[in-house]
Amino acid sequence: MTKPSNNSCVSIKQALTGEIAADSNICLQGWVRTRRDSKAGFSFINLHDGSCFAPIQLVADKDLPNYDSEILKLTTGCSLRCQGKLVESRGRGQNFEIQVESIEVLGWVEDPDTYPIQPKKHSYEFLREVAHLRPRTNTFGAMTRVRHAASLAVHEYFSQHGFNWIHTPIVTASDAEGAGQMFRVSTLDQMNLPKNDKGNIDYNQDFFGRETFLTVSGQLNVEAYCMAMSKVYTFGPTFRAENSNTSRHLAEFWMVEPEIAFGDLNDLANLAEDFLKSVFRSVLDRCPDDMAFFAERVEPEAITRLETFIEQPFARVEYSEAIEILQNSGKKFQFPVNWGLDLQTEHERFLTEEHFKGPVVVMNYPDEIKAFYMRQNDDGKTVAAMDVLAPGIGEIIGGSQREERLDILQQRMAHHGIDKTEYDWYLDLRRYGTVPHAGFGLGFERLILYITGLSNIRDVIPYPRTPGRADF
RNA sequence: UCCCCAGUAGCUCAGUUGGUUAGAGCGGGUGACUGUUAAUCACUAGGUCGGCAGUUCGAGUCUGUCCUGGGGAGCCA
Numbered sequence: 002m003t004k005p006s007n008n009s010c011v012s013i014k015q016a017l018t019g020e021i022a023a024d025s026n027i028c029l030q031g032w033v034r035t036r037r038d039s040k041a042g043f044s045f046i047n048l049h050d051g052s053c054f055a056p057i058q059l060v061a062d063k064d065l066p067n068y069d070s071e072i073l074k075l076t077t078g079c080s081l082r083c084q085g086k087l088v089e090s091r092g093r094g095q096n097f098e099i100q101v102e103s104i105e106v107l108g109w110v111e112d113p114d115t116y117p118i119q120p121k122k123h124s125y126e127f128l129r130e131v132a133h134l135r136p137r138t139n140t141f142g143a144m145t146r147v148r149h150a151a152s153l154a155v156h157e158y159f160s161q162h163g164f165n166w167i168h169t170p171i172v173t174a175s176d177a178e179g180a181g182q183m184f185r186v187s188t189l190d191q192m193n194l195p196k197n198d199k200g201n202i203d204y205n206q207d208f209f210g211r212e213t214f215l216t217v218s219g220q221l222n223v224e225a226y227c228m229a230m231s232k233v234y235t236f237g238p239t240f241r242a243e244n245s246n247t248s249r250h251l252a253e254f255w256m257v258e259p260e261i262a263f264g265d266l267n268d269l270a271n272l273a274e275d276f277l278k279s280v281f282r283s284v285l286d287r288c289p290d291d292m293a294f295f296a297e298r299v300e301p302e303a304i305t306r307l308e309t310f311i312e313q314p315f316a317r318v319e320y321s322e323a324i325e326i327l328q329n330s331g332k333k334f335q336f337p338v339n340w341g342l343d344l345q346t347e348h349e350r351f352l353t354e355e356h357f358k359g360p361v362v363v364m365n366y367p368d369e370i371k372a373f374y375m376r377q378n379d380d381g382k383t384v385a386a387m388d389v390l391a392p393g394i395g396e397i398i399g400g401s402q403r404e405e406r407l408d409i410l411q412q413r414m415a416h417h418g419i420d421k422t423e424y425d426w427y428l429d430l431r432r433y434g435t436v437p438h439a440g441f442g443l444g445f446e447r448l449i450l451y452i453t454g455l456s457n458i459r460d461v462i463p464y465p466r467t468p469g470r471a472d473f
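Each residue of the first sequence is one higher than the one before, starting from 2 at the first, in my numbering.
I should point out that these hints are in silico values taken from the structure, not numbers from a laboratory.
C-beta atoms are modelled at their ideal positions from N, C-alpha and C, and glycine is treated no differently.
Just to be clear, a hint being listed does not mean it is correct.
To be verified - With a straight-line Cα cutoff of 27 Å, these simulated DSS-like cross-link-like pairs (lysine-lysine) come out: (1) Lys14 to Lys122; (2) Lys40 to Lys86; (3) Lys278 to Lys358; (4) Lys63 to Lys86; (5) Lys86 to Lys14; (6) Lys232 to Lys278; (7) Lys196 to Lys421; (8) Lys86 to Lys74; (9) Lys332 to Lys358; (10) Lys382 to Lys421.
Said to hold, decoys possible - Beta-carbon label-pair distances, calculated as ranges: (11) Asp275 to Val88: 39 to 49 Å; (12) Ala471 to Gln100: 15 to 25 Å; (13) Asp275 to Ser103: 47 to 57 Å; (14) Trp340 to Ser245: 44 to 54 Å; (15) His168 to Asn205: 24 to 34 Å.
Using the sequences and the hints, build the whole thing.
Below, the structure is given as structure tokens:
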């Protein structure tokens, strides 16, 4: 027997936003956040269902048949279905509430004493240990809705600007993209690895007939589609096996990588700026309650700094100028500032937080510290690379114009020790109708960090994967 | 991977120069009270003080080591 259809139920969001007429009889389903009893003969139950930030208040009268047997025993986390009338609230704190006509308990909390999610402040560290239950908290509910809104905003922006979303592969054979350590993908018996005549592991016998890994970037693949579709982007999971233990790194994260044909580094910087502002605007519009919560409880500037970000043009500075600014700052840095060295975290922070007091695009870096595919500038010593630095989180976007000239790309590959045979297909893109093109990579979780004001990247993805941890 | 910090009740924390039976708030249970808002009040249950080894008459407290977590750095998105 199946239960009666519940499709007559509405979401708490629908009930609270005035979408449903007052005095309507409606059905709601959700989880109990708190219960308060009045001996005057009723209980208040705050119910949440993830549809919006606010819970809805159920007013359950003692005359309900299961009042003593069940309703008085509801604790935080219990799930229930409720039938009742949507009425204007007689109390303060909410406009509408539900005058309950019936409550059906769907799931009890079997041991309320040890149920980890309580209506109180928990530490983020503790909540990471219960990552399967933390979406029931205000913070993670809000983060989840904001993450969703930002995802949609990414797709909407690109779609409205004529980009095609390209589903680049997760499994790759490229092992030298220069973007970091890779996770091996293999079906070989780890206890009994086949060897070739040289005594090495014989990957010819592996699933793909060769060594394969999880992708560290969809960029090279998406460039090929860029050379046909003109404007493309990837948005998917990315894997780095670096032993990075910081609040800004994950082993599995989501990356957005647009690529534009017929464009140069300035076009790319324009795209980055317009794109970020559009996403922020969209999240502020879609998630006002969630953002208000972050501003109130997590980061007071959460909303105002996004608004400022949207209004102000990005500062743009040449790498060489940035070095001069740092050298003339009078600041004592722990790491040296010299032309040819990469910017350290402390340098990025000075530029964004003290000198420019806002986001900065740093352009045209020394070629020696950048990847092989970045376009050589005419000065012979820099490449057309750019980083977008944001206050508080550092590098949020890294990108470049790509080297579209076959001979120079081959020289750079040789210089970086890249095996040309592995990248012959990539060189084909320069042999057959090459055009100037450019693209960047955006760490999606870093974007969510910046939007929410949360400070640890493990708290803006449902199940964080970091060195030594792959729970849940 | 390197440097620093932390680990005490289900959770958040206090615990003095080493000294009897380790405390509080929240959460749970019981009761009182109230159109309540993380309600309030009273009572109550709940702890091998991260593991192991050591110093000491005596260790939550000191030492070593391991584990776990956090912050910072490197690497990067």
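Does Lys358 sit within 27 Å of Lys278, going by the straight-line distance between their CA atoms? Answer holds: Lys278 to Lys358 is near 17 Å, not above 27 Å.
Is it true that the CA of Lys382 sits at most 27 Å from the CA of Lys421? holds, 23 Å
Pair hint outcome, Lys232 versus Lys278 [Cα-Cα no greater than 27 Å]: Given pair Lys232, Lys278 holds - Cα atoms ~19 Å apart, limit 27 Å.
Does Lys122 lie within 27 Å of Lys14 when you go C-alpha to C-alpha? With Cα atoms ~24 Å apart, Lys14 and Lys122 stay inside 27 Å; holds.
Mind checking the alpha carbons of Lys196 and Lys421 for me, to see if they're no more than 27 Å apart? Answer holds: Lys196 to Lys421 is near 26 Å, not above 27 Å.
Does the alpha-carbon distance linking Lys86 and Lys14 stay inside the 27 Å limit? holds, 15 Å
Honestly, do Ala471 and Gln100 meet the 15 to 25 Å range at C-beta? violated, 47 Å
I want to verify a distance hint. Is the separation of the beta carbons of Asp275 and Val88 within 39 to 49 Å? holds, 46 Å
For the range 44 to 54 Å, tell me whether the beta carbons of Trp340 and Ser245 fit it or not. violated, 27 Å
Quickly compare the C-alpha distance for Lys86 and Lys74 to 27 Å and report which way the hint goes. holds, 23 Å
Tell me if the straight-line CA distance from Lys40 to Lys86 falls inside 27 Å. Roughly 22 Å between the alpha carbons, so the hint for Lys40 and Lys86 holds.
Kindly confirm whether 47 to 57 Å is satisfied by the beta carbon distance between Asp275 and Ser103. holds, 52 Å
Checked against the numbered hints given earlier, this structure breaks hints 12, 14; the rest are met.
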